[in-house]
Amino acid sequence: MSEFTVAYARPRREWLAAAVIWSAALVVTGLFLWIVGDIVRHGIGQISWGFITAAPADAGRAGGIGPILVSTLLILGVCMAVSIPLGVGTAVLLAEFTSDDNRFGRLVRLSLDVLAGTPSIVFGLFGLAFFAKVMGLGFSILSGGLTLACMVLPILIRATEEGFRSAPDDYRLSAAALGLSRTATITHLLLPAATPGLVVGLVLGIGRALAETAALIFTSGYVDRMPGSLLDSGRALSIHIFDLSMNVPGGNANAYASALVLVALLLIINAAAAWLGEHCLRQRIVPV
Amino acid sequence: MRLRHVLLAAIVAALSGCSSDEDETSIVLTGSSTIAPLASELGKRFEALHPRVRVDVQTGGSSRGIADARSELADLGMASRALYEDEHDLKAYTIAYDGVGIIVHRDNPVRKLTDKQISGIYTGEIANWNEVGGRDAPITVVNKAEGRSTLELFLEYFTLESSDIEADVVIGDNEQGIKTVAGNPDSIGYVSIGTAEYDAGQGVPIKLLPLSGVDASTANVRNGTFPLSRPLNLVKKTRPQGWVRRFVDFARSPAARNIVTSQFFVPIAQ
Amino acid sequence: MLIWVLRVCATLSGAIIILILAFLVLESLPALRHAGLAGFFTDASWHPTENLFNLLPMLWGTVLAMTGAVLIATPLGILSAVFCHYYAPPVIARQYRRLIELLAGIPSVVYGFWGLVVLVPLIGRLHPPGPSLLAGVIILAIMILPTIALMADAALANVPVQYLRGAHALGLSRWATVRGVVFPAARSGLYTGVILGAGRAVGETMAVLMVCGNVVQMPVSLFDPVRTLTANIALEMAYALGDHRSALFVSGLVLMALILVLVAAAERFAQNHIHV
Numbered sequence: 001m002s003e004f005t006v007a008y009a010r011p012r013r014e015w016l017a018a019a020v021i022w023s024a025a026l027v028v029t030g031l032f033l034w035i036v037g038d039i040v041r042h043g044i045g046q047i048s049w050g051f052i053t054a055a056p057a058d059a060g061r062a063g064g065i066g067p068i069l070v071s072t073l074l075i076l077g078v079c080m081a082v083s084i085p086l087g088v089g090t091a092v093l094l095a096e097f098t099s100d101d102n103r104f105g106r107l108v109r110l111s112l113d114v115l116a117g118t119p120s121i122v123f124g125l126f127g128l129a130f131f132a133k134v135m136g137l138g139f140s141i142l143s144g145g146l147t148l149a150c151m152v153l154p155i156l157i158r159a160t161e162e163g164f165r166s167a168p169d170d171y172r173l174s175a176a177a178l179g180l181s182r183t184a185t186i187t188h189l190l191l192p193a194a195t196p197g198l199v200v201g202l203v204l205g206i207g208r209a210l211a212e213t214a215a216l217i218f219t220s221g222y223v224d225r226m227p228g229s230l231l232d233s234g235r236a237l238s239i240h241i242f243d244l245s246m247n248v249p250g251g252n253a254n255a256y257a258s259a260l261v262l263v264a265l266l267l268i269i270n271a272a273a274a275w276l277g278e279h280c281l282r283q284r285i286v287p288v
Numbered sequence: 289m290r291l292r293h294v295l296l297a298a299i300v301a302a303l304s305g306c307s308s309d310e311d312e313t314s315i316v317l318t319g320s321s322t323i324a325p326l327a328s329e330l331g332k333r334f335e336a337l338h339p340r341v342r343v344d345v346q347t348g349g350s351s352r353g354i355a356d357a358r359s360e361l362a363d364l365g366m367a368s369r370a371l372y373e374d375e376h377d378l379k380a381y382t383i384a385y386d387g388v389g390i391i392v393h394r395d396n397p398v399r400k401l402t403d404k405q406i407s408g409i410y411t412g413e414i415a416n417w418n419e420v421g422g423r424d425a426p427i428t429v430v431n432k433a434e435g436r437s438t439l440e441l442f443l444e445y446f447t448l449e450s451s452d453i454e455a456d457v458v459i460g461d462n463e464q465g466i467k468t469v470a471g472n473p474d475s476i477g478y479v480s481i482g483t484a485e486y487d488a489g490q491g492v493p494i495k496l497l498p499l500s501g502v503d504a505s506t507a508n509v510r511n512g513t514f515p516l517s518r519p520l521n522l523v524k525k526t527r528p529q530g531w532v533r534r535f536v537d538f539a540r541s542p543a544a545r546n547i548v549t550s551q552f553f554v555p556i557a558q
Numbered sequence: 559m560l561i562w563v564l565r566v567c568a569t570l571s572g573a574i575i576i577l578i579l580a581f582l583v584l585e586s587l588p589a590l591r592h593a594g595l596a597g598f599f600t601d602a603s604w605h606p607t608e609n610l611f612n613l614l615p616m617l618w619g620t621v622l623a624m625t626g627a628v629l630i631a632t633p634l635g636i637l638s639a640v641f642c643h644y645y646a647p648p649v650i651a652r653q654y655r656r657l658i659e660l661l662a663g664i665p666s667v668v669y670g671f672w673g674l675v676v677l678v679p680l681i682g683r684l685h686p687p688g689p690s691l692l693a694g695v696i697i698l699a700i701m702i703l704p705t706i707a708l709m710a711d712a713a714l715a716n717v718p719v720q721y722l723r724g725a726h727a728l729g730l731s732r733w734a735t736v737r738g739v740v741f742p743a744a745r746s747g748l749y750t751g752v753i754l755g756a757g758r759a760v761g762e763t764m765a766v767l768m769v770c771g772n773v774v775q776m777p778v779s780l781f782d783p784v785r786t787l788t789a790n791i792a793l794e795m796a797y798a799l800g801d802h803r804s805a806l807f808v809s810g811l812v813l814m815a816l817i818l819v820l821v822a823a824a825e826r827f828a829q830n831h832i833h834v
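Read top to bottom, the protein sequences are chains U, B and F. Our numbering puts the first sequence at residues 1 to 288. Our numbering puts the second sequence at residues 289 to 558. Our numbering puts the third sequence at residues 559 to 834.
No lab work stands behind these hints: they were computed from the structure. The beta carbon of each residue, even a glycine, is placed where N, CA and C say it ideally should be. Each hint should be verified, as a subset may be incorrect.
[To be verified] Derived list of chain F stretches under chain B, where covered just means 3 residues or more per stretch with a C-beta under 8 Å from a C-beta of chain B:
| hint | segment |
| --- | --- |
| 1 | 598-612 |
| 2 | 679-691 |
| 3 | 766-773 |
| 4 | 783-794 |
| 5 | 799-813 |
Same shape as in the complex, but just chain U (with noise of 0.2 Å):
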């Protein structure tokens, strides 16, 4: 942005909020090296290609975390074929054909919200009664994956909404014009105008869903092996993190190594998510 060099009226200012403004993203990559430093520093002894394949073994304190990377690409693979569909399709109801006051649009918006601030242990706990008991799932990789699902929709719709938002209303004004359907404004002009915000929110999304530990627990379980269906139970990677860290003796070292290939996977998706957002949607439309 080289076009801002031309300074105004009140220089002190100009200084002091690029000197606030640079040390808060110093702080704040500060505190990112500290953490993941501690993560790789502590595990990147443990990891190699037989960790990484490998089968848990002696209480995951040796052998590796093949059956749980498995295990958690599963459960991420249902929350994500789950959210993204329900989660647009909603995004688009709420951007494009409610008004603001509209009374239906407010109420799923109010409890999206809510849900957003849901406990992640109630999380758990909604998913153990329903998904696992109700609808008879019981500890499987289909319970932990609907019940992520749940847990990643708000996010997912918040983000993908404001997405739309910031379409220009030119956009939909000149595909009215031009005589285009409701249905093909959005699926070839809105939709991939408002692929920053999609991919913002599936970044978020699957951050969270990875992330999530309370809510797996009760849902897709403890069992450590290879998952032969959706309907068996799998340990997702970071059940596996927590029960190395917090209830197995010695668990520590591999906890780490299991929190840097986690790190890893992270970046990973990452970056898929965003070169897909560039590369399948983005390039449809010239931008302006």
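Given the coordinates of chain U, assemble chains B and F onto it according to the supplied hints.
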């Protein structure tokens, strides 16, 4: 689009899973997270010996184990305590013992405390380490959360009520307790002896204090001289049959001893 | 046709919270019947095994932890986004954004572990015992920072470039543009980020369980240990039976009520100041 077809095929494959073996039996255990790693390892060894059996372990706490055993939602409940009076409609099978010992920071000069002193520290009557022969520093009391079996055992031994205790920090799991005490040189807490022994051996800055003159060690829990220990139980409503019975027998057999000790518990006497 | 599909989606999304509330109410009934709702605010203390169920100190713990976290994370998060867009060279901005996205995905148990092993002893050296409201506030702030920052980042990206060009044409300095033009234009997105962050702070369980000390008391200073309602449920649910278990669900209901109040207040504020 090819990608769409691939995804669809993958979803169908995942949902249907591998061929479901009709002969496969599964044993489900739920309950105490203290016993879960041990049960998990016992399960793996059992599965290796009997390939068509699956042992699934879930957590949720001792009360969950008792409730699931009673409602028969699980084949076996895991409870890290002895049964209460109102639970004697269930059958308990002890698979290990776990001693409970007092820990302080390794750099704390205090070497032993009498029962009366420990009681005084936990009720708040004794507030400074110099009253019991240590430094001039306020004591940070670490207590376990209400309802936990370790707490119940502690209260029973020192004849205290839960509301008598004035804690500075309340913790949930053993490792949280150990890390809290390790991070604060003026703290005192109580955790599983096996866990504390192992961690102290790994260099974590804590040490176990003797209780009533008896050193806190798994050896002393094994020979019965250490006064504070709890049984780790597998609970069932009716007498176990078939594979469940064979699993319980295996867990209590000499073949399982090394698994029990590898998880830092004390095996049952044979 | 499309609108009906969308309406179904929205109804499903909105119905989830109703199911959850119904579930909480159902599980709370035994305790409410035996102890009465008033008992949850007027009993002597929280000792459920002795039938004492006062939730107020823990409610305070939750409110204070959330408030502190939001107060710290909001400026840090929003300024981080401003940094990415207007102050940092593009290369640095890209890496910084990636850094924040990573922070968003670190499990709460890892934050809790780090807090317990690194932060708490540090605070303990300053002022014993260590596990405290301050530790909780700091950890929560770090956890909600990415949410606020990333939402703010997206909001800032959506400010039409014509506004910026107009400001430049008028000769406004960088900070003047940010404060006077960008913030008002992006306020809807910034606000959403803060609300989502506050919601996350109220609902966080694992990390506060490990660093806050979990003593049920009204905190007098930042260094006092506190117990939040969420930590309470996590701590005691595993071993609670009967009325004790039911009482924990009541605390869950109280939590939901708190969130409802917060959200309603936020909505009211937004109506008047943001969505004008």
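Tested hints:
With a cut-off of 8 Å between beta carbons, the segment 598-612 of chain F has 6 residues touching chain B; three or more are needed, and the interface restraint holds. Here the segment 679-691 of chain F counts 6 residues with a CB under 8 Å from a CB of chain B, which clears the bar of 3, and the coverage holds. Check result for the segment 766-773 of chain F against chain B: holds, 5 residues qualifying (beta carbon to beta carbon below 8 Å, three or more required). Judged by the Cβ-Cβ criterion of 8 Å, the segment 783-794 of chain F is covered by chain B as claimed, because 5 of its residues qualify and three suffice.
Note: the segment 799-813 of chain F has 3 residues with beta-carbon separation from chain B under 8 Å; the three-residue rule is met and the coverage holds.
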